[in-house]
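Undergrad: Chain by chain, the residues run as shown.
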Amino acid sequence: MIPLSWYLIVAALLFGIGVYGVLARKNAVAILIGLELMFNAVLVNVLAFWRYLQPTGTAGLVFAVIIFAVAAAEVAVGLALFIAVYRRFGSSDVDDINLLKW
Amino acid sequence: MVTTFVFVLTAAVMLVAALVAVLKNNLVHAAMGLVVTLFGTAVLFVLLEAYFLAVAQVVIYVGAIAILIVFSIMLTRRVGADWGQQTNATWPFALLVAGLLTVLLGLMVRGWAAVTAQPASQAVPADMTARLGAALVDPNGYVVPFEVASVLLLAALIGAVYVAWGGRKAEKDAQG
Amino acid sequence: METKILWLLPLSPLVAFALIVLFTNRNRALSHTLAILSVVLSWAGSMFVFWRALQVGAEHLAEEPFHEVVDWLPIGDGFFRLGVQLDPLAAIVLFFVAWTIVMIFIYSVGYHNFGQPEGDHDEKGLPPHGATVVDEHGHKHKVPSIEPMYSRFFAFVSLFAFGMYLLVVSDNLLTLFAGWEIMGLCSFLLIGFWFKKPSARDAAIKAFMTTRVGDVFMLLGIAYLYTQVGSLRYADIFNPETLHHLATHPAPVLGMSAAGLIGLLLFIGTVGKSAQWPLHVWLPDAMEGPTPVSAMIHAATMVSAGVYLAIRIFPLLAAAGHETAFTSPMPIIAFIGAFTALFAATIAVAQNDIKRVLAYSTISQLGYMVAAVGIGAYVAAAFHLVTHAFFKALLFLGSGSVIHGMEHGVLHTGQHIDPQDMYNMGGLRRRMPITFWTFLIGGFALSGFPVVTAGFWSKDEILSEAFGLGHMGVFWTLAIAAFLTAFYTMRQITLTFLGRPRTEAAAHAHETPPTMTGPLMVLAVFAVAFGWLGVPEHFPVLGGLLPSWFQEWVGATFHGLIPEHGELTFSYFPLTVSLVVALGGLFVGWLVYRGVQRADQPDPLEKVLGPVYGVLENKYYFDELYSYLLVKPAYWFAAVFAFRWMDRTVIDGILHTVAHLSWRLGHFLRNRIDLPIVNGFGDAVAEGTKGAGRLLRVVQSGRVQHYMLMALVNAVALLALVYYFVIRS
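Residue numbers (the numbering used here), protein chains in the order written: chain V, 1 to 102; chain B, 103 to 278; chain G, 279 to 1007.
In short, the hints are calculated from the structure, not lab data.
C-beta: ideal position from N, C-alpha, C; glycine also.
A hint or two may mislead.
Partial list, derived from the structure: chain B residues whose beta carbon lies under 8 Å from chain G [what the hints assert, rightly or not]:
| no. | residue |
| --- | --- |
| 1 | N190 |
| 2 | W193 |
| 3 | L203 |
| 4 | P241 |
From chain G, some residues computed to sit far from chain V (all C-beta separations above 10 Å) [claimed, not checked]:
| no. | residue |
| --- | --- |
| 5 | G838 |
| 6 | N896 |
| 7 | G980 |
Restraint-style ranges between C-beta atoms, simulated for each label pair [stated by the list, open to error]:
| no. | chain 1 | residue 1 | chain 2 | residue 2 | range |
| --- | --- | --- | --- | --- | --- |
| 8 | B | Y153 | G | G971 | 55 to 65 Å |
| 9 | B | V108 | G | V977 | 41 to 51 Å |
| 10 | G | V977 | B | V245 | 39 to 49 Å |
| 11 | V | F89 | B | M176 | 11 to 21 Å |
| 12 | G | F1003 | B | V108 | 36 to 46 Å |
| 13 | B | Y153 | G | V982 | 54 to 64 Å |
| 14 | B | M176 | G | E965 | 46 to 56 Å |
| 15 | G | V977 | V | A59 | 54 to 64 Å |
The following block holds chain V by itself, in its conformation from the complex:
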């Protein structure tokens, strides 16, 4: 069987890639893409722990379900905000959305 650590490493790698995407991309949607990658990594992590440590309980699964719901809600709202911002600024480059700077 596959050791738990493999899943965790994969999740970690996925998470790292997601972090890079969030930090290093200009377009807001690209950032959201990175964010989704991070979410997925978390899901993998949760389910791996569920399967290997407590497969008969439902806690892990419920956790994952809730994560789904939250992620979905978040993406929806985030994209709606991004559309509104795009209309306001005329640009999809997040570096231009810096009105709250000093």
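Following the hints, put chains B and G in place on chain V, whose structure we already have.
TA: Only chains B and G this time, still in chain V's reference frame:
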């Protein structure tokens, strides 16, 4: 044996697709990469015997969220414009931080004794999905987070509609 | 009873002074009434007390004088006590002081032309110039006008009377000194009465300053006496034990005993106040004041105070003179007295102003009295003091009458001549008979005309004592001075009254009103009769007819306190000399001056004396000498040393330097410390904060990814820590 092979293959595909998702300037290509990654995650869920969630993954993530992302990309670009450089100036620092994070996480995983344990001797019960459903509505179970999540989705729905709609209205006012 | 009156005697004129100054200044009649009333009250009180003293008798009064003491100033565990006292000496002095003051006050009413109209352009501070009056025919006459500062005069002389009465009734040297100084003040005020005349102002300052010199030494004497005795009351000083102690105790200077030094210092006060050489210079200039002032201050009372003091401290001087181990002050006193007598008499011979002659005469006569004290004949000195007060006051008031008459003539004729210059007078005998006869009596008294004048008896006594005690130098000096006295007196009378008027003003002079001639007559009576109270027993023919009351009276005062000397044997020699010099001087004076016929004629003496006459006329140039030696250096000291060098250069220099240094310090503190350090610190804090802000706010780029980056950096760091410390262990 087979599972190991499938796992390794799936992991590799996922990671490559994830890299595509974060590195390509063409955002549509990035979105496609995301989709592949999401599919890969679904496969991993199957390997972890969380069948319901695998399906939910495909339906929700690929079917809704990824589509949504693609829609946003389409709606927010001028037709025919060049994508341009999509990586901002601080990318080395981001790389460093991400790398450090990954390394640290990895190290933590390796140093954690309980983690290297073999999979549990227990098997996943056959009616896991039914149990999940029962747990979600059980008052002694997880009904509260379930309901809260539903309220959250409602709020998100209304909010998203309002935010996106209000902007268009304002635009119309400005024009008219 | 008597002591209560003694307290009130000085009080009466003081009250008059206060009332006049505060309330009645504008009302001339009320002012002079108040003043005269006050001195009449004091006179009445004085006569009552004197009569009571006569009743008590000399010896008893000397043992138990009328006295009353109060505790005045708390000192240590006791009190400084002072009070009033009347012993025989004080009683007789009180007698003549009371009479002369009253006479002078009454005289002043007429002198200051009370009842006359206000002057045409008289101003306060200048003598009155006369008023134009239109008579029934429409003719304009100029008549004498009333003194503008009439009330002020009476206020001042009232204050003066207060001072003199205070001096006479006091029982201690402190109130004596107080009265002394009050009189000095009034002397200043009255000499400078016509204050808009620069000569009067200068004369007032000169008088005050010169007497001040004497007063300083006197105060030193009083202080020294107080340290030795512990009290200033006569009763405490003049008793055998204290006198013996003072006479045997050595003083720090001059090889004198304490008594001698004290006596000498107090005597220097007398030198100042009684205008003895070398402090005589103020008295002639003091003639700038109105004539009643001259009479009062410089004949009857103030200068007499100096001699009174000398006689009062005679026991001290005698004790000091008796001890042969120490230097005695008596020869010094005798020398100064005799020298002054002769010195002043020589100057009087060459003076043309009627009052100046009398001034120098006063100095000379005071010299007689001082010399008498110096040789030990204090009774003779007291006798001459009293007679001199009467006849000198008479002479001054008489001269005032003459001047008044002359001024009337000047106003009438419009001639601008000096009414006081004797050469402008002449023949006033017919125009002003009362003045003439009283002045003649006074002049003869001054000259020592035998038997019928008081001056003869007192002067003769001094000469007899000098001869009898063997002080030949003093005797001959005083004899020569007596000759000169008679000479210049006759000169004065001849030039003023005899012969024919030498100017139109003299021809139009007329007699002065009764307020002025009345006092003259009263004083003339005393000038004649008083001498008969002191006829010595051994006098040929007349001696024994009348008791020598005066000698017994005053002689009892100090009995037991002075070493007695035996009775002097009578000798005809001093009597003969006295007669010769008096009659001879009068005759020679008449002889020389009866031929003066014109006002501008040179003095006959000029031919005789030649250049010496100039020296005499210029008073031996003493004023110029003092000016050169003392006044100019004092002025230099004030103007140059004190003002220019010390005050402006040194003190102001210090001030300016301090100010400058303060400014520099302030400047330094401000610019080098306050601004850079204090402000700098504050500014640095602010600027630092701003700089830090400027640096740190870069973090707020507004870009979410940066924020996320920073959050993740922290997360990584935390994770690393957790890994290192938790997971690895």
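Undergrad: Look at each hint and say if it fits the structure.
TA: Structure-based check of all given hints:
no.	hint	verdict
1	N190	7 Å, holds
2	W193	10 Å, violated
3	L203	5 Å, holds
4	P241	37 Å, violated
5	G838	117 Å, holds
6	N896	105 Å, holds
7	G980	3 Å, violated
8	B:Y153 to G:G971: 55 to 65 Å	57 Å, holds
9	B:V108 to G:V977: 41 to 51 Å	46 Å, holds
10	G:V977 to B:V245: 39 to 49 Å	44 Å, holds
11	V:F89 to B:M176: 11 to 21 Å	18 Å, holds
12	G:F1003 to B:V108: 36 to 46 Å	38 Å, holds
13	B:Y153 to G:V982: 54 to 64 Å	37 Å, violated
14	B:M176 to G:E965: 46 to 56 Å	52 Å, holds
15	G:V977 to V:A59: 54 to 64 Å	40 Å, violated
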